[in-house]
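Please arrange chain L on chain A, whose structure you already have, making use of the hints.
Residues per chain are reported as follows:
Number of protein chains: 2
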Amino acid sequence: MADAPLFDTLTIVGPGLIGSSILRRARQTGTLARHLIAADCSADVLNRVEELGIADEVTASLTEAAAKSDAVILCIPTGAIRPVAEAILPHMKAGSILSDVASVRSTLGPDISALLPDGVSYVPAHPMAGTEYSGPDAGFPTLFEDRWTLLVPPEGTAPEAIATMEKFWQRCGARTRQMTDRYHDQVCAIVSHLPHLLAFSICNTADRLSTDLQTDVLEYAASGFRDFTRVAASDPIMWRDIFLTNKEILLATFKRFEEDAHRMAEAIQNEDVETIMDRLHRGRHVRQGLTKQ
Amino acid sequence: MADAPLFDTLTIVGPGLIGSSILRRARQTGTLARHLIAADCSADVLNRVEELGIADEVTASLTEAAAKSDAVILCIPTGAIRPVAEAILPHMKAGSILSDVASVRSTLGPDISALLPDGVSYVPAHPMAGTEYSGPDAGFPTLFEDRWTLLVPPEGTAPEAIATMEKFWQRCGARTRQMTDRYHDQVCAIVSHLPHLLAFSICNTADRLSTDLQTDVLEYAASGFRDFTRVAASDPIMWRDIFLTNKEILLATFKRFEEDAHRMAEAIQNEDVETIMDRLHRGRHVRQGLTKQ
Numbered sequence: 001m002a003d004a005p006l007f008d009t010l011t012i013v014g015p016g017l018i019g020s021s022i023l024r025r026a027r028q029t030g031t032l033a034r035h036l037i038a039a040d041c042s043a044d045v046l047n048r049v050e051e052l053g054i055a056d057e058v059t060a061s062l063t064e065a066a067a068k069s070d071a072v073i074l075c076i077p078t079g080a081i082r083p084v085a086e087a088i089l090p091h092m093k094a095g096s097i098l099s100d101v102a103s104v105r106s107t108l109g110p111d112i113s114a115l116l117p118d119g120v121s122y123v124p125a126h127p128m129a130g131t132e133y134s135g136p137d138a139g140f141p142t143l144f145e146d147r148w149t150l151l152v153p154p155e156g157t158a159p160e161a162i163a164t165m166e167k168f169w170q171r172c173g174a175r176t177r178q179m180t181d182r183y184h185d186q187v188c189a190i191v192s193h194l195p196h197l198l199a200f201s202i203c204n205t206a207d208r209l210s211t212d213l214q215t216d217v218l219e220y221a222a223s224g225f226r227d228f229t230r231v232a233a234s235d236p237i238m239w240r241d242i243f244l245t246n247k248e249i250l251l252a253t254f255k256r257f258e259e260d261a262h263r264m265a266e267a268i269q270n271e272d273v274e275t276i277m278d279r280l281h282r283g284r285h286v287r288q289g290l291t292k293q
Numbered sequence: 001m002a003d004a005p006l007f008d009t010l011t012i013v014g015p016g017l018i019g020s021s022i023l024r025r026a027r028q029t030g031t032l033a034r035h036l037i038a039a040d041c042s043a044d045v046l047n048r049v050e051e052l053g054i055a056d057e058v059t060a061s062l063t064e065a066a067a068k069s070d071a072v073i074l075c076i077p078t079g080a081i082r083p084v085a086e087a088i089l090p091h092m093k094a095g096s097i098l099s100d101v102a103s104v105r106s107t108l109g110p111d112i113s114a115l116l117p118d119g120v121s122y123v124p125a126h127p128m129a130g131t132e133y134s135g136p137d138a139g140f141p142t143l144f145e146d147r148w149t150l151l152v153p154p155e156g157t158a159p160e161a162i163a164t165m166e167k168f169w170q171r172c173g174a175r176t177r178q179m180t181d182r183y184h185d186q187v188c189a190i191v192s193h194l195p196h197l198l199a200f201s202i203c204n205t206a207d208r209l210s211t212d213l214q215t216d217v218l219e220y221a222a223s224g225f226r227d228f229t230r231v232a233a234s235d236p237i238m239w240r241d242i243f244l245t246n247k248e249i250l251l252a253t254f255k256r257f258e259e260d261a262h263r264m265a266e267a268i269q270n271e272d273v274e275t276i277m278d279r280l281h282r283g284r285h286v287r288q289g290l291t292k293q
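Line by line, the protein sequences are chains A and L. Last residue of the first sequence: 293 in full-length UniProt numbering, with the numbers rising by one and none dropped. Last residue of the second sequence: 293 in full-length UniProt numbering, with the numbers rising by one and none dropped.
So here's chain A without its partners, still in its complex pose (with noise of 0.2 Å):
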């Protein structure tokens, strides 16, 4: 037999690409809620999801969704996260779980734990996967499968709250695990943050190109290139609201990062080849760790 649905009614604020997937898995196994409410401030976005028919129910007002829900999970950019559950919190039944899907945490499980009426429960989740593509149509209902997802719940939060939510995401198909706030923000600086950092800032490279020479780097691009600057095709608001959320430890590993980089050009410029021979196995090393797992 089917395992019931965890919850009655759940809201995805902000159907994108998470939140579209979410709808998606949640449709296709009907064992995440009985009832979905797609929340959005755009009319497009809801007419688009109706249309592509991944929720039973659409609405621009977040609070009248909240109040009805079991479980609302925000899909939004991080910088609007913190207005949003301050804005609908208040509305939230007792024995209901808030969540969100940040990539970075910064200081968001302390700001809403001051915000949570009694009875509410806040368990943020990270799901590490995501394409360079946005919107309700980018979503699909195999995205989490297999992935990570980062459990970062506040401490004190409810024992049973995280484990409903660990359920969830595991129906979602994703591995689980559950870390700090600044462990978190850690991890994702050099997995994720800083290499968008550095692929944003190649594709700038690119740009200041003579004409000529940037329409045949565009035209000759190998796997280098475009492997590497795949992820700056990724949505420039999200990205930005990343960068200032995660600012302090973002910082301080590109700081790391730029003394490894030149310290190679140096070597390179010296033709030191002990240097360069060092740096690339242990270069190698590590991505073939990587593709052990």
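FYI, nobody ran anything at the bench for these hints, they're computed from the structure. Among the clues, some could well be false.
One copy or two, either will do: identical chains are not told apart, so a pair holds if it fits within one copy or between any two.
[As the list claims (entries may be wrong)] With a Cα cut of at most 20 Å, we get these calculated DMTMM-like pairs of lysine to aspartate or glutamate:
no.: 1; residue 1: K93; residue 2: E64
no.: 2; residue 1: K247; residue 2: E266
no.: 3; residue 1: K255; residue 2: D272
no.: 4; residue 1: K167; residue 2: D70
no.: 5; residue 1: K247; residue 2: E259
no.: 6; residue 1: K255; residue 2: E266
no.: 7; residue 1: K247; residue 2: E274
no.: 8; residue 1: K247; residue 2: E258
no.: 9; residue 1: K167; residue 2: D272
no.: 10; residue 1: K93; residue 2: D8
no.: 11; residue 1: K167; residue 2: D146
no.: 12; residue 1: K247; residue 2: D235
no.: 13; residue 1: K68; residue 2: D8
On a predicted model such as this, the values are computed, not experimentally measured, just so you know.
Coordinates of chain L only, in the frame set by chain A:
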């Protein structure tokens, strides 16, 4: 009717990823050469080529192979091309063609031109294709399909020899274009050499993390880090040679990138939203130009 083979006897010096892919293509199509020789100084490599059955003849004597051949393609690290060319050129037949697949040109064109015996042409070409794997097992016959191969013959090369090598690469499935050495090296510095330098460097940064954090970075590597560093699994000796041979242009390109990345970090530091958004939009625009091709 199938096309007649372009050459009677073809020698591939260094049947690794690129070399063995040419051999496999030649075997599969029959239109590149009638008789295939694989030459290498490693007995292990030659044994493996024999086991794979991708050449008609294997030999450790580069000069004997060269003497019998209508075309010799050096598929060896960039740093080895000049000395190997010097050793085999005196043995090559009038009317034959020497080629290589070096991914950086620097002064190779004039250097090798100066060594050419009468009647031997030098038509190097850089197939912009590859994977992070190496060795005779890594090749496959479709490696060059729909990828660019850039022909970089020195000034004054016989047009018939250029036309023959152009046809050769087209029969390998590649799109071809001719350009000068210096322009080639500028394009490759940004589409390939700089991304490799950065990928190796970010792996070095990851290598300096605390053991716990490093383990988790490898564990949770999302698409950013994963795509970004794929190329850092590439062969260190090949990349040492590329970095050193294209030193001047690569370091100039790196310097521009360093400025761009540093300016982006500064904008994040100063929470200069306008600059951040400008750079994210430009970066995305450049990257999107790439996927439209």
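Right, here's what the structure says about each hint:
1. Taking the shortest Cα distances, K93 and E64 sit within 20 Å of each other inside one copy (11 Å), while across copies they are farther apart (85 Å).
2. For the identical chains of this complex, K247 and E266 are inter-copy neighbours only, at 11 Å across copies versus 28 Å inside a copy, given an alpha-carbon limit of 20 Å.
3. With identical chains, the CA atoms of K255 and D272 are at most 20 Å apart between copies only, with a shortest distance of 18 Å across copies and 23 Å within one.
4. Taking the shortest Cα distances, K167 and D70 sit within 20 Å of each other inside one copy (15 Å), while across copies they are farther apart (67 Å).
5. For the identical chains of this complex, K247 and E259 are neighbours both inside a copy (18 Å) and across copies (19 Å), given an alpha-carbon limit of 20 Å.
6. For the identical chains of this complex, K255 and E266 are neighbours both inside a copy (16 Å) and across copies (11 Å), given an alpha-carbon limit of 20 Å.
7. Within a single copy, K247 and E274 get their C-alpha atoms only as close as 35 Å, which misses the 20 Å cut-off; across copies the closest is 16 Å, which meets it.
8. Taking identical chains as interchangeable, the C-alpha atoms of K247 and E258 lie at most 20 Å apart whether they share a chain (16 Å) or sit on different chains (19 Å).
9. In this assembly of identical chains, the alpha carbons of K167 and D272 never lie at most 20 Å apart, being 53 Å within a copy and 40 Å across copies at closest.
10. With identical chains, the CA atoms of K93 and D8 are at most 20 Å apart within one copy only, with a shortest distance of 13 Å there and 82 Å across copies.
11. Taking the closest pair of Cα atoms, K167 and D146 come within 20 Å of each other only inside a single copy of the chain (14 Å); across copies the shortest separation is 45 Å, beyond that limit.
12. For the homomeric pair K247 and D235, the shortest alpha-carbon distance inside one copy (18 Å) is at most 20 Å, but the shortest distance between copies (35 Å) is not.
13. In this homomeric assembly, K68 and D8 come within 20 Å of each other (Cα to Cα) only inside a single copy, at 10 Å, whereas the closest approach across copies is 79 Å.
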